[in-house]
Amino acid sequence: MTATLRLLAAEFETALGADSVITDRQRLRTYECDGLAHHRVVPAIVVLPETAEQTATVVKACATARVPFVARGSGTGLSGGALPHAEGVLIVTSRMRRILEVDPANERAVVEPGVINLDVTRAAAPHGYYFAPDPSSQQVCSVGGNVAENSGGAHCLKYGFTTNHVLGVEVVTPDGELVWFGGTTHDAPGYDLLGAFVGSEGTLGITTKIVVRLLRAPEAVRCLLAAFPGVDEAGTAVSSIISDGVVPAAIEMMDALAIEAAEAAVQCGYPQGAGAVLIVELDGPAAEVEHTFGAVEQRCTEAGAFEIRIARDDAERALFWKGRKSAFAAVGRISPDYIVQDGVIPRTVLPAVLRKITELACGTGVRVANVFHAGDGNLHPLVLFDDAIPGEAQAAEEVSGAILDLCISHGGSITGEHGVGMDKSQYMPRMFTDDDLDTMQRLRCAFDPAGVSNPGKVFPTPRLCGEVPGRHKAPHPLQAAGLAEQF
Amino acid sequence: MTTRRRTPSRGGGDTAAASVIDELRAVCDDVRTATPDDAVDGIRPVLVARPGDPDGVSTVLRASTANGLRAVARGAGTRSTWGAAPTAVDLVLDVSRLDAVLTHAAGDLVVTVQPGLALADLQAALAPHRQRLALDGCTPRGTIGGTVATAFSGPLRYRFGSVRDLVIGITVVLADGTVAKSGGTVVKNVAGYDLGKLYTGSLGTLGVITELTFRLHPLPEARRWVTVTTPDPRRAAVAVAAVRGSQNDPVAMEVDRPGPGAPVTVGVALEGVEEGIGARADEVARLLGADAVVADAPPDWWATLPHDPSTGTGAVLTAEPTALATVLADAPGALRGSAGVGVLAVGLDPATVATDLAALRRLASAHGGSAVLRCAPPDVKAELDVWGPVSALPLMRRLKDEFDPQHRLAPGRFVGGI
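Keeping their order, the protein sequence lines are chains A and B.
Throughout the first sequence, residue numbering follows the numbering used here, covering 45 to 531 in sequence.
Throughout the second sequence, residue numbering follows the numbering used here, covering 23 to 440 in sequence.
Hints are supplied without guarantee of correctness; some may be wrong.
Coverage of chain B stretches by chain A, computed from C-beta distances (three or more under 8 angstroms per stretch; other residues unrestricted) [said to hold, decoys possible]:
hint: 1; stretch: 114–123
hint: 2; stretch: 269–275
Which stretches of chain A does chain B cover? Using the computed rule of at least three CB atoms under 8 angstroms from a CB of chain B, they are [stated by the list, open to error]:
hint: 3; stretch: 86–92
hint: 4; stretch: 345–352
hint: 5; stretch: 455–467
None of these hints come from the bench; they were simulated from the model.
In this text the structure is predicted, and so the values were computed from the model without any measurement.
Ideal Cβ placement from N, Cα and C applies to all residues, glycine included.
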């Protein structure tokens with residue numbers, strides 16, 4: 045550890061207490077990766093602040109020493125957004141885990157960043173309310189992480205993403221100041237810094253308090269599971285449901301390989317012989333849901349569903365979802381290793397893109413299981429490989445990249461909800477021009493001119509703040525002269 | 023080049039101006055000398071350029087900034103009295119020729135448009151597909167670009183969110199002519215920073231919008247409006263809370279109070295299918311009280327401002343929803359807006375606007391909100407603090423410095439003199 049880092053660690057111990065600072069290599073290893081486990085970096089220092097003020101103290105010290113810092117919540121992110129910096133500080137928010145206020149009359153709650161997503165809904169449920177963003181990891185992921193990643197989930201088709209459900213955040217900016225963006229009401233005067241901050245993947249600072257919106261629980265929820273011969277038929281059903289003017293709470297699809305994995309893992313008992321299953325969920329006032337549900341059922345039948353099951357109660361509904369929600373982990377049953385992609389395409393090109401993914405898989409011999417949020421075109425292809433077999437990892441990476449190219453060429457996005465992180469930053473120039481990326485850098489430079497807040501994430505080769513925009517081929521003159529560093 | 027408030031920026035006759043005109047005419051086929059009608063909030067520009075395509079916006083802005091001109095973007099010009107008055111304007115960049123629907127992917131519920139398109143014209147183009155942009159306008163001619171730049175949302179925001187929640191992609195031209203986009207054409211997308219949020223409500227101070235992509239929603243099969251009028255502000259607030267706490271899934275919850283002490287009308291909008299909507303409307307009527315009325319059309323004040331949007335004096339008051347009774351009882355002016363969200367428009371008398379605005383700010387600060395002077399005639403506005411307290415202002419200034427280092431875009435029009 046460098047002298048600077050040793051001094052920082054000592055400073056943190058004085059300010060926060062020794063039990064909030066980790067420098068022991070063995071204990072540091074606990075934090076070497078997030079949900080993207082094949083990327084590992086052991087941080088120099090881990091701190092576990094308990095308050096906003098402590099967080100600000102830590103960040104200010106990092107800024108003064110020009111030491112990079114990375115924020116981490118529960119570490120469930122799938123894009124390496126919380127991957128530590130070897131010469132930096134990892135700020136873990138898991139000790140800031142208090143629900144400060146639940147205010148159903150104003151339809152909001154105030155929570156600390158380490159609070160678990162599902163615990164917000166648990167706290168609101170007795171009042172008839174819930175927190176809408178529901179990433180599959182909602183039993184363990186933190187609200188602070190949801191804010192950083194602008195997390196989605198199966199139900200964001202109807203209800204939107206984290207950015208639509210946050211009213212305000214208290215933030216420690218990269219220079220260590222505590223400020224509020226937004227608050228307990230809408231439409232705060234000035235630039236929408238809240239909107240810019242949500243989804244910025246830890247590059248614009250760290251949240252220390254979050255005001256979330258709570259939604260009134262719907263009167264009725266109906267869920268069906270429809271089995272189709274293949275993904276084409278299931279895709280047709282999705283299109284005709286949407287073109288009827290129905291916005292279901294969720295429409296999820298799994299293909300044969302994903303179903304096989306889920307059956308092996310959790311015995312969800314999906315219909316035998318299905319080439320694809322759809323889970324469609326509707327919610328709202330009972331009379332509306334009843335009427336629309338019938339229409340959805342009919343559309344599935346018309347599109348070629350050979351079996352439709354309707355959940356009679358919450359237990360059956362949970363069973364339908366069990367297979368879907370366990371799909372990522374379940375793939376472990378049929379393949380030692382896999383890459384999860386998160387590309388998005390316009391819903392209408394779903395069948396065409398799925399066919400091309402199949403062709404890609406056939407052409408390379410790499411197996412791809414498809415699980416996705418069909419309603420909003422968010423694909424989660426699981427690219428399977430065995431790292432023990434030479435060349436397989438490389439082939440899987442190539443297929444994975446080709447799938448992202450497919451998404452971009454069809455007018456989509458490289459990530460719908462997992463974030464860019466360090467995993468997909470190299471794909472950003474395929475989606476955005478140099479001017480687009482440089483313009484985004486202007487926002488970053490306003491917040492973090494020193495480039496200490498989660499450096500190396502989201503953007504491929506960011507310019508140094510204060511320099512003229514434009515990609516640089518050679519090292520920056522300041523870097524070459526040893527006067528500046530690009531983290 | 024310094025210019026004081028409310029004086030024309032520069033004489034049209036000097037040679038420097040003449041050479042700038044030549045330069046602008048070289049890149050844009052529609053450049054003219056400004057008239058008094060082109061004044062932005064009382065500040066008269068020298069020139070008006072009306073490029074015919076997005077590239078034209080870029081070349082005009084590049085030339086304009088290189089010559090030290092200060093530019094203000096304009097659509098239909100219906101909201102040029104919104105925000106603070108610019109400290110100076112040399113050039114109005116009129117985007118009204120950029121009025122196309124570029125792509126409407128009906129099956130994907132996504133539309134990409136140019137900023138000069140009138141919101142009403144977009145809705146008319148979408149309606150045959152039984153779709154809509156779930157936003158209410160406030161002026162018949164108002165453009166999409168103006169709606170985004172002013173972040174204007176009406177009653178539907180209760181269910182569908184405000185402008186910021188519906189923009190999924192944006193292309194802008196920065197002061198130096200750089201063309202940049204963020205977001206895209208798919209609803210679900212977290213790649214890169216969401217600059218659409220930053221530009222929404224920025225009053226043209228960070229760049230000129232040249233393209234916008236929105237998520238759309240289906241037009242409902244059936245609609246009902248349930249209203250009740252009561253002299254008792256508390257009863258009105260209780261009614262709103264009762265509906266919000268119910269499971270009838272309203273798409274809008276509005277109030278209208280024509281003046282202090284006047285009766286309050288609560289209006290709730292429902293959307294859905296014919297089969298179920300009647301029963302829901304009856305249930306909402308029951309929650310609103312014995313004299314509630316169910317109708318197939320909105321009340322005449324629905325989705326309008328309680329002041330003239332272009333020439334009137336008005337404010338925006340935000341407060342926690344539970345403060346509604348207090349607000350309805352104590353706030354000055356004419357109140358109308360989204361009670362369910364806690365955002366109300368206030369129509370004010372120019373003669374008493376200073377004391378009224380102060381009263382609104384006291385109310386707002388007691389209930390977690392803010393009171394901003396939305397619009398007022400230039401001579402009225404000159405004496406007032408348009409914005410009130412603003413959190414994180416130093417960061418906002420740094421943002422402006424990054425996006426528009428020479429402060430050439432609508433200088434002075436935004437918070438803190440940005």
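Original post:
So which hints don't hold here, by number, going up?
Top reply: 1, 3, 4
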